[in-house]
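**Student:** Chains as they are written, first to last, in full-length UniProt numbering: chain A, 1 to 247; chain B, 1 to 297.
The set of hints was computed from the structure by calculation and includes no laboratory data.
One thing to keep in mind: the hints can contain errors.
If you want a taste of the chain A side facing chain B, the calculated C-beta under 10 Å gives, among others [stated by the list, open to error]:
| id | residue |
| --- | --- |
| 1 | 10 |
| 2 | 78 |
| 3 | 81 |
| 4 | 82 |
| 5 | 83 |
| 6 | 93 |
| 7 | 133 |
The structure displayed is predicted, hence computed values, not measured ones.
Think of the CB as a built atom: it goes at the ideal place given N, C-alpha and C, for glycine as much as any other residue.
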Amino acid sequence: MPAYLRLEILRTLRDRRFLFFTLAFPVCLFLLFSTVFAAPGETEPGTGLTVAQYMMVAFGSYGAIGASLNATGPRLAAELDGGWLRQLRVTPLAAWKVVTVRIATALVLALPSLALVALTAALTQDVRLPVGRWIALLVLLSVATLPFAALGTLVGATVKADTAQPATLMVYLPMAVVGGLWLPVSQLPDFLRTLAPWTPANRMAEIGWDLVGGHAPSAAAVAVLAAWTAAFGALALLGYRRVTVAS
Amino acid sequence: MNAITFSQVRKAYGGVQAVDGLDLALPAGQSVALLGPNGAGKSTSLGMLLGLARPDSGTIGVFGHDPAEAVARGLVGAMLQDGSLPEGLTVAETVSFVHGLYPDPLPLAEVMELADLTALARRRASRLSGGQAQRVRFAMAIAGAPRLLVLDEPTAAMDVESRRAFWAGMRAYARGGRTVLFATHHLEEADENADRVVVIAAGRAVADGTPEEVKRAAGGRTVRFTLGDQPSAGLDLLPGVTGVRIEGATAVLRTGDSDATAEALFTRSGLRIRDLEIGGAGLEEAFLSLTRPAEGA
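Using the sequences and the accompanying hints, generate a full structural model.
**Tutor:** Have a look at this one:
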C-alpha cells in the first residue's frame, strides 16, 4: 500500500495542469484579492480576522479542495475507462486498498496548496501565527478535504473520462463561491448566505478561520463535514459497485 | 493437480448466453489456446476465470481456489484485452510497481528481458505505440511469477515481428512448468504456441486436444485430384472420407486418413486419378468446420 501511495503522489505531481490549478492559481488569487481589493489592516466583519488572514484561509482551502477533487475524479474516471483499474483488479492489490490509497493521496496533495498560500501570506502580507497553530491549520484543513475526496471519487465512478474534467469544475466553482472562498460570506446575496453554512467548502474554511483566530473548530462544522463525507462516500461506493462488481 | 477447472459454467449478458455450460479441466504446466471466433465467449470465460465477473451458475477453480482468492494470493497474472497504461509513469516504474505487488516475483531484470523492454525502460508508458504497450502489459502479467498466466488476445496490436518476439517470450515463461491459457482467433498462433487447443463456439467447448487432434477431429487432411468429367458418386464412401467438394474439374475430399483414401482412389474407385495432392487441412479449415454449425445456433 505505501508503494501505491508513493506512485499515485508521484504521478499526480508530474501533471503540470494539476500543479498549475492547485498551486500557482490559488497563490495568484490570494495575492490579487489580498493586495488589490483590500486596504492594509482592514478586517473582515464576519470573522473579525484581517482580510489577509481571511483570504489566506479562503484561497488555501480553495486550492486544497481543487487538489482533492482533481486528484480523484478525472483520474479515476480515466483509469476506469482506460482499463488501468481493471488491470489492478487482476493483481493481488485489494480493491479496498486502491480506494483507501486514492483518498489518502487526495489528502496528502491538499497539503502543498495550503502550505504555499500560507507561506505567501506570511511573506507578503505579514501574517504571523504561533508555530503550533500553523501546524494545526495545515493538518486539520488537509483532513477537512475528506468530503471533497469522497465527492471526487463519486464523480470518477459516475462520469465518463472525457466529461470528468468539466464535471469537476462544475461542482468546484459553485461550491467555492457559495462557501465564501472568493468573496466573504457577509458579501454574498441573502439566499446564498443562508445556504453557505450547509456547504462543505464553507465549513472547511470556517475551521481554518477559527484556528487562525485562536478558537477550536466548532462541533457544527465537524458535523456538516462528516455528514457530507458519509453521503458522498456512500454514493461513491454504490457507483463503484455498479461499474465493477455487476459485470 | 488441475490449474483450472470450469464446471458447467454459464453466463448471460443482456439476454445473450455468452457462456453456455462450459466444462474444462487444464492440468498444471500446459500451454493451452482458447480458440474461437469473435463472440464465442472467450473473453467472458477469461473474465470469470480472473474473478472480474461471476458466473450465473457453475463453478470455476484456480489451483483449487475461488478465482478472486487465487488472484489475491498472487497465483495469477493476466494480460487483458483493453488497458491503457497510466499517465505520468515510465515503463520501469509501471512494471516495477506491479512487480512489487506479488509475494514472490521474478527478478525485475528478467521480466524486462522476457518482455523485451530493457531499451524502453525510461520511456513514458502512456506514450508508447500499441505494440510496445502490449509488451509492457505482458511484463506486468509475468512480473509476479504467477503459476497461471492468462492472455486475452495478446497480439492484437502487434506487427509480425513483435508477434514472433512476443511468443518467444511467452514460451520462455511457460518453460518453467507454468500454466498458460491464451485466447486467440489467430489459428496459426494456437497451432504454434499451444500444447493443447480448446475450440470454443457459442459459449461451449466444441473440440479439445492437441493441435493435431483438433485438425483430425475436423476431418484432418484434404486429398484433391482432377476429376474432369468422371462421375463423383461414391467418393464419399471411400475409407476415411468425411466430406466431398467439387470445385470445377477438381474433387476435394476431406479425410481423417489420407493414406487409406489415396490408396482406395487408385485401387477401388475405378476412376482415372490425375494431379493427386494431399494437404494438411490446417487449423483454419478445422476451425471453420468445427464452429460453422454452431454459429447458426
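**Student:** Could you work out which earlier hints the structure fails to respect and list their numbers in ascending sequence?
**Tutor:** 7
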